[in-house]
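Quick note: the sequence shown uses the working numbering, first residue 150, plus one each step.
In case anyone wonders, no lab produced these hints; they're calculated from the structure. Among the hints, a few may not be true.
Unchecked claim - Using C-beta positions, here's what the derived DEER-type ranges look like: (1) Ala342 <-> Glu196: 45 to 51 angstroms; (2) Gly344 <-> Glu196: 52 to 58 angstroms; (3) Arg262 <-> Asp209: 22 to 28 angstroms; (4) Leu332 <-> Lys226: 32 to 38 angstroms; (5) Leu332 <-> Gly235: 35 to 41 angstroms; (6) Gln210 <-> Gln371: 33 to 39 angstroms; (7) Ala366 <-> Ser259: 28 to 34 angstroms; (8) Lys305 <-> Asn191: 37 to 43 angstroms; (9) Gln321 <-> Thr244: 17 to 23 angstroms; (10) Asn277 <-> Gln210: 16 to 22 angstroms; (11) Asp336 <-> Lys226: 36 to 42 angstroms; (12) Arg262 <-> Ala342: 41 to 47 angstroms; (13) Leu185 <-> Val357: 44 to 50 angstroms; (14) Leu233 <-> Pro358: 40 to 46 angstroms.
What the hints assert, rightly or not - Below are the EDC-like pairs computed for lysine to aspartate or glutamate, each with C-alpha atoms no more than 16 angstroms apart in a straight line: (15) Lys241 <-> Asp270; (16) Lys309 <-> Glu272; (17) Lys274 <-> Asp242; (18) Lys305 <-> Glu272; (19) Lys240 <-> Asp209; (20) Lys305 <-> Glu338; (21) Lys240 <-> Asp204; (22) Lys274 <-> Glu239; (23) Lys240 <-> Glu196; (24) Lys305 <-> Glu339; (25) Lys240 <-> Glu272; (26) Lys274 <-> Asp225.
From the three backbone atoms N, C-alpha and C, an ideal C-beta is built for every residue, glycine too.
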Amino acid sequence: MKKYLVACVAIFASLLSCCHDQGVSNDININSTLILECRKGNIQGVENCLRQKADINTMDQNGFTPLMVASDLGHDKVVRLLLLMGADTEKKDHTGKTPLMWASFAGHASVVRLLLLAGADIEAKDNNGMTSLIISSLQGYSDVVHILLTEGANMKAREKRGLTPLMVAVMQTHEEVVRQLILSGADIEEKSASGQTPLMFASYVGHVPIIRLLLLAGAATQARDNQGMTALMIASEAGHQEVVNILKESENKK
């Protein structure tokens, strides 16, 4: 009789374990489905998953939440629904990026607006020290940059290498973003960790329109980096003769 009872208890415990495992499996499946529906932009699919108690802040193997996925892919309606249902705007993936950073990276202006309206931290930084403004400046999305500047994003923010939004925009030759940052009051004389100004970066890449923008804004041509190089020296060494001529002409006018 005792052996029989022990056997029954073992069977019962096994059944409970199976039920628990099945429950965990179902949770994992519905959470994975939620992320998949967000990726597809399927609003009805997302609603169904949430009705089935899917975890709205679940993460995939890369640390992506449903809100990150929808933000990165520009699915406005899904983003709005997730925000209304209480999705966390400050969750970070394995790279330290938030939903706002992913929307800024992909250039989805309407999603950026929704996230800011929901209170997303405009100054949050990823693992490389990049803010949403630095990211959008690097990518060249002038409409996103405009929104972030309007909402008071810090133009003095620096990523790990000491680069500001203006510096990265200059380096990537995003003329319209450079113009917006200058007009919004970005410091054109700020230096990187190596002592380089935006004009020096522009001289290195040889982008004439940006050179002219910076000079028009009053950029100093005689500033020197940590190696003692001026913008003129940098342009000459890089072989950008037109830039050399423009810089010489600017210096002669002073």
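So, going through the hints one by one against the coordinates:
1. Ala342 <-> Glu196: 45 to 51 angstroms: Once the Cβ atoms are compared, 49 angstroms apart, the range 45 to 51 angstroms for Glu196 and Ala342 holds.
2. Gly344 <-> Glu196: 52 to 58 angstroms: Because 54 angstroms falls inside the window, the suggested range holds.
3. Arg262 <-> Asp209: 22 to 28 angstroms: Cβ of Arg262 to Cβ of Asp209: about 25 angstroms, so the range 22 to 28 angstroms holds.
4. Leu332 <-> Lys226: 32 to 38 angstroms: Given a distance of about 33 angstroms, which is inside 32 to 38 angstroms, the answer is holds.
5. Leu332 <-> Gly235: 35 to 41 angstroms: Between Leu332 and Gly235, where Cβ atoms are some 38 angstroms apart, the hint holds.
6. Gln210 <-> Gln371: 33 to 39 angstroms: Violated: the Cβ-Cβ distance is about 52 angstroms, outside 33 to 39 angstroms.
7. Ala366 <-> Ser259: 28 to 34 angstroms: 31 angstroms Cβ-Cβ, so the 28 to 34 angstroms window holds.
8. Lys305 <-> Asn191: 37 to 43 angstroms: Cβ of Lys305 to Cβ of Asn191: about 41 angstroms, so the range 37 to 43 angstroms holds.
9. Gln321 <-> Thr244: 17 to 23 angstroms: holds (19 angstroms)
10. Asn277 <-> Gln210: 16 to 22 angstroms: This hint holds: roughly 21 angstroms between Cβ atoms.
11. Asp336 <-> Lys226: 36 to 42 angstroms: holds (39 angstroms)
12. Arg262 <-> Ala342: 41 to 47 angstroms: Roughly 33 angstroms apart at Cβ, these two residues miss the hinted range, so it is violated.
13. Leu185 <-> Val357: 44 to 50 angstroms: For Leu185 and Val357 the Cβ distance comes to about 47 angstroms; the hint holds.
14. Leu233 <-> Pro358: 40 to 46 angstroms: Holds: the Cβ-Cβ distance is about 43 angstroms, inside 40 to 46 angstroms.
15. Lys241 <-> Asp270: holds (12 angstroms)
16. Lys309 <-> Glu272: holds (14 angstroms)
17. Lys274 <-> Asp242: OK: Lys274 and Asp242 at ~12 angstroms, within 16 angstroms.
18. Lys305 <-> Glu272: holds (11 angstroms)
19. Lys240 <-> Asp209: holds (12 angstroms)
20. Lys305 <-> Glu338: Given that 16 angstroms is the threshold and the Cα spacing comes to 11 angstroms, the pair holds.
21. Lys240 <-> Asp204: holds (13 angstroms)
22. Lys274 <-> Glu239: holds (11 angstroms)
23. Lys240 <-> Glu196: It is violated: about 21 angstroms lies between the C-alpha atoms, which goes past 16 angstroms.
24. Lys305 <-> Glu339: holds (9 angstroms)
25. Lys240 <-> Glu272: holds (14 angstroms)
26. Lys274 <-> Asp225: This hinted pair is violated, its Cα atoms lying about 23 angstroms apart.
The structure is inconsistent with the numbered hints 6, 12, 23, 26, although it conforms to all the rest.
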